[in-house]
Amino acid sequence: MNLPILTIIIFLPLIGVFFLLFNSKNDKNENRANQISFNVSFLTSILVFILSLVLWINFDSSSSEFQFVEEKKWIINFTKYKVGVDGISILFVVLTAFITPICIIATSNSVKVRKKDFFIALLLMETMMLGVFCSLDLFIFYLFFEAGLIPMFLIIGIWGGIRRVYSAFKFFLYTLLGSIFMLVAIIFIYHQSGTTDIQALLKFDIAANYQYWLWLGFFASFAVKTPMWPVHTWLPDAHVEAPTAGSVILAAILLKMAGYGFIRFSIGFFPIASEYFAPLIFVLSIIAIIYTSLVALMQKDMKKLIAYSSVAHMGFVTIGIFAFNSQGLEGSIFQMISHGIVSAALFLCVGVVYDRMHTREISDYGGVVNTMPKYSIIFMIFILAGLGLPGTSGFVGEFLVLIGAFKANYLVSFFAATGVVLSACYSLWLYRRVVFGEVSNENVKSLKDVNKYELFTLLPLVFLAIVLGIFPNIILDTISVSVENIVSVYNSKILITQSAIR
Amino acid sequence: MDNINLIYPELFLSISLLSLLMLGVFKKNSFLVVSKLSSIVLLLTIPLIYINDNTSEKLFNNNYLIDEFSSFLKILILGSSAFALFFTNQYIKDNKIDKFEYPILILTAILGMFVMVSSNNLIGLYLGIELQSLSLYVLAALNRDSVKSTEAGVKYFVLGALSSGLLLYGCSLVYGFTGSTNYYVIAENYTSSNLALSFGLVFILVGLAFKISAVPFHMWTPDVYEGAPTSVTAFFALAPKVAGFGAIIRILYIAFGNVVNEWQTILIFISIASMILGAVAAIGQTNIKRLMAYSSISHMGYALAGVTTGTNEGISSSILYIFLYVVMNIGSFVCIILMKRKTVYLENIRDLSGLSKNHPVIAFSFTVILFSLAGIPPLAGFFAKFYVFMAVIKSNLFALAIIGLITSVVSAFYYLRIIKIIYFDPEQEKFDPITSKGIRFSLAFSTLLILFYFLNPSSLTYFVNIASKAIQ
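Those protein sequence lines, which keep their order, are chains A and B. Note that the working numbering gives residue 304 to position 304 of the first sequence, counting from 1, and the numbers run on in steps of one. Note that the working numbering gives residue 1277 to position 277 of the second sequence, counting from 1, and the numbers run on in steps of one.
Derived by calculation from the structure, the hints in this document are not laboratory data. This structure is a prediction, so every number in the text was calculated from the model and none was measured. Cβ coordinates follow ideal geometry from the N, Cα and C atoms, glycine included. A portion of the hints provided could be inaccurate.
[What the hints assert, rightly or not] Dumping the calculated DSS-like pairs for lysine-lysine here, alpha-carbon to alpha-carbon at most 25 angstroms:
id, chain 1, residue 1, chain 2, residue 2
1, A, Lys112, B, Lys1430
2, B, Lys1096, A, Lys73
3, A, Lys203, B, Lys1036
4, B, Lys1096, B, Lys1058
5, B, Lys1340, A, Lys73
6, B, Lys1420, A, Lys112
7, B, Lys1394, A, Lys112
8, A, Lys170, B, Lys1155
9, A, Lys80, B, Lys1155
10, A, Lys80, B, Lys1469
11, B, Lys1357, B, Lys1430
12, B, Lys1420, A, Lys304
13, B, Lys1036, B, Lys1430
[Unchecked claim] Not close to chain A: a few residues of chain B, all C-beta gaps over 10 angstroms, as computed:
id, residue
14, Lys1058
15, Val1409
16, Arg1440
17, Lys1469
[Claimed, not checked] Output of the computed footprint for chain B on chain A, the stretches with three or more beta carbons under 8 angstroms from beta carbons of chain B:
id, segment
18, 151 to 160
19, 184 to 192
20, 480 to 491
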């Protein structure tokens, strides 16, 4: 196939942006203008999703090589435009393309002002996220990784809640500060190896004494983005203040960039340093799992609770990645996909009641089941998927991670497993306080159940959360060969250095 | 003198500025005519320089160099000055500083800058700097009825004269111990064990650092930027920095090119200090012109970081940085000049509040420019910083790179603060509509170049590399 399908997928949202910029300008009727911009952006994102499915169908999962690779001249004497996907990144591409249209539908309720601008920001965001997962060149990766800050900053800042300015600044400056160390590392790698081509760098051996520093440079960026304890504090703020669609993007995809980065770069480029620093990651992740679970338990704000649970779930992801075996890695990737679906859905669920009640305080709710039965069922499915009930997608990921962690270090596995219990505590308690119990708030009595827009956003997620739980092979088949390859390359590199030391 | 055609640009500029001066003196109310004619002169000089673009010649006993480096910077100086005249026309009329001396002083300053970037001789350098500075002092004080403007002029003059004195003292020391004012001869006779020569080098560096407003010789910048009429401030932020960099690069890489160690540490200090001060001091500013002054200080720090490396990549990255800095500052000063409500020009950043509702296009452009100044990809400002730090890291100056990048995060804060005011804050009354075509064109030029620079970064790099190869 000679069609540059990846480039089309990445930059198609930009075409949508151009339509939005120039099209609905002359409409005097604001509703009509909003409707047009909704249609344009929804169509664009659906088209991207269909193309990404085509990509997935045509993807050869029996090969660990990068596929659909495209190369073009870009900056002479320095780098080129190069994109491609392997078994790991293709799933994130599909996830991104899947989540964006859902966000666009969710916007129709939650965003009241400047809808057109919101769609523009969302579509820009989509391009940046797709670019991150597809890029096969470090420099381009960095460009997309950082450029995503601009639309997200505007999404939080313009359409956010009361403390939106503080949260937007915190998000922006935290992430930027983390990323500049990665930039230094990227430049240094370029001077060492003479290339920023990821494929070439995966085969290149970086001298061991540099690896530690470079690993830390990348770690600074990814740790903030993951987010790992103790640099996670931007996440609850950003989540709470962002509009629903913004929270969904943040939780479902933005956080996964870091996990993807750990797999692709930290392990791929710096195996020796990764092995050396693995205990650090384990410790930070265990603290994240236990500490943030306890913090989540005490939250009064629904979104904040889910935000802290995200930190805990990402702790599982980092443990799985740095267990360096195929179960751990597969579990991490599965957990990322599953968390992308479940946390997105949970934020949407919060958005549903927030749009009606305009409060996120848990104590303002109670007895929602009496007025919103359908909503309560959907919410329950996601709460259960979030705590990792067998039969839902959350279980497979956590289970595989725990197996992987057990192989690496049983103590890590033990502490991580407490997180499963804790997550059941805070999720179920949240559900009990919101859905069950006496109706104490008058407003709850007059709540209307989910409307068709909301069902349209939530049902696909319900479907996926259950299907992936029952047939995890849909995902595992795609990633397994690539994961095996990463693990075997890692092991061989470690073996070589160990024998060299002896 | 068979190569006299090489200095046609300078000759053309001097002759036309003298005749414009005559025109201005003998014709009443001649601002409009003189200003239009000087813009034409500026634009006509560009092709004159371009004709000589591929030559590398030494004139007047090696004392005046015409090469790709000087041509590139001269074109940049002319282009930025032409923009500074285009978009300030309306402002000059509104503030009643439409005197015919204004464009003529700009032309004399440009002539001085030409000498600065081409001179291969300490005396030529000094004369160029003085011709430029004296014109700038007068320009700063052009609004005679305003206390702030006259104060700015006097302050600039006193401190500028002091720094010129230091520069001259340094020149005399270097001349005394090397026996020549020619850069080539200085480079041959420079012995690094000689303490007096090091002193001379330091004094010269101090004088030049003052001219590009690098820390710790920046004190005049915020006051002069704030006090001078905005149209003049815009000019200050553009062309003189280019010329100052031309002079610094030439003297450091030709005259003192063999003793990089002697000046590298000083320059690293100046660069880091500028980046830190520019980033930190701007946080508390509410006057946008003062804020831009600190912003330009920090940008000078980044551009100097490239020069510190002592390599050709370093020069390229610095010139590229200056080029993109000029493009971004054209845009930001256009936006500052647009801050006008009921014919009153505003300077407080609060006045930008809610700009995105009233003037979405201006708000969008200003936001793009500010993100680019903060160095966020994929805008042009990121590439500028990237190339500088690429050169810096290649020379293993890691501390400089990391401090520089951290300060870039700090400075992102105050750019974000302006964006916050533009986008997140409630709207106010509308600004006056844009009437001038120059403003529209300049803003569109700056925004589009910043926004779409990433599509083809190589072509600018190509020219910059040619220019930097002319040195060494």
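Checked hints:
1. Taking the CA atoms of Lys112(A) and Lys1430(B), the gap is near 23 angstroms; set against the 25 angstroms cutoff, the hint holds.
2. Restraint check for Lys1096(B) and Lys73(A): not satisfied, since their Cα atoms lie roughly 52 angstroms apart, outside the 25 angstroms limit.
3. Simply put, Lys203(A) and Lys1036(B) have alpha-carbon atoms about 61 angstroms apart, too far for the 25 angstroms limit, and the pair is violated.
4. Restraint check for Lys1096(B) and Lys1058(B): the C-alpha separation of about 44 angstroms exceeds 25 angstroms, so the hint is violated.
5. A distance of roughly 45 angstroms separates the Cα atoms of Lys1340(B) and Lys73(A); the hinted pair therefore is violated under the 25 angstroms criterion.
6. Annotation: proposed proximity of Lys1420(B) to Lys112(A) holds, straight-line Cα distance about 19 angstroms (limit 25 angstroms).
7. A threshold of 25 angstroms between alpha carbons decides the hint, and for Lys1394(B) with Lys112(A) the separation of about 50 angstroms lies outside it, so the pair is violated.
8. Among the hinted pairs, Lys170(A) with Lys1155(B) is inconsistent with the structure: their alpha-carbon atoms are about 39 angstroms apart, more than 25 angstroms.
9. Restraint check: the Cα-Cα separation between Lys80(A) and Lys1155(B) comes to about 50 angstroms, which exceeds 25 angstroms; the hinted pair is violated.
10. Restraint check: the Cα-Cα separation between Lys80(A) and Lys1469(B) comes to about 24 angstroms, which is no more than 25 angstroms; the hinted pair holds.
11. Between Lys1357(B) and Lys1430(B) the alpha-carbon distance is near 9 angstroms, which keeps this suggested pair within the 25 angstroms criterion.
12. Between Lys1420(B) and Lys304(A), the direct Cα distance comes to roughly 24 angstroms. Compliance with the 25 angstroms bound is thereby established for this hinted pair.
13. A distance of roughly 30 angstroms separates the Cα atoms of Lys1036(B) and Lys1430(B); the hinted pair therefore is violated under the 25 angstroms criterion.
14. Look at Lys1058(B): its CB is around 29 angstroms from the nearest CB on chain A, clear of 10 angstroms, so calling it non-interface holds up.
15. Distance to chain A contradicts Val1409(B) as a non-interface residue, since its nearest Cβ pair spans about 5 angstroms, not more than 10 angstroms.
16. The beta carbon of Arg1440(B) is kept farther than 10 angstroms from every beta carbon of chain A, the shortest such distance being approximately 18 angstroms.
17. Non-interface status of Lys1469(B) relative to chain A is upheld: no Cβ of that chain comes within 10 angstroms, the nearest being about 13 angstroms off.
18. Given as covered by chain B, the segment 151 to 160 of chain A passes the check, having 4 residues with a CB less than 8 angstroms from a CB of that chain where 3 are the minimum.
19. Judged by the Cβ-Cβ criterion of 8 angstroms, the segment 184 to 192 of chain A is covered by chain B as claimed, because 5 of its residues qualify and three suffice.
20. Under a criterion of three residues with beta carbons nearer than 8 angstroms to beta carbons of chain B, the stated coverage of the segment 480 to 491 of chain A fails, only 0 such residues being counted.
Hint check: violations occur at hints 2, 3, 4, 5, 7, 8, 9, 13, 15 and 20; the rest are consistent with the structure.
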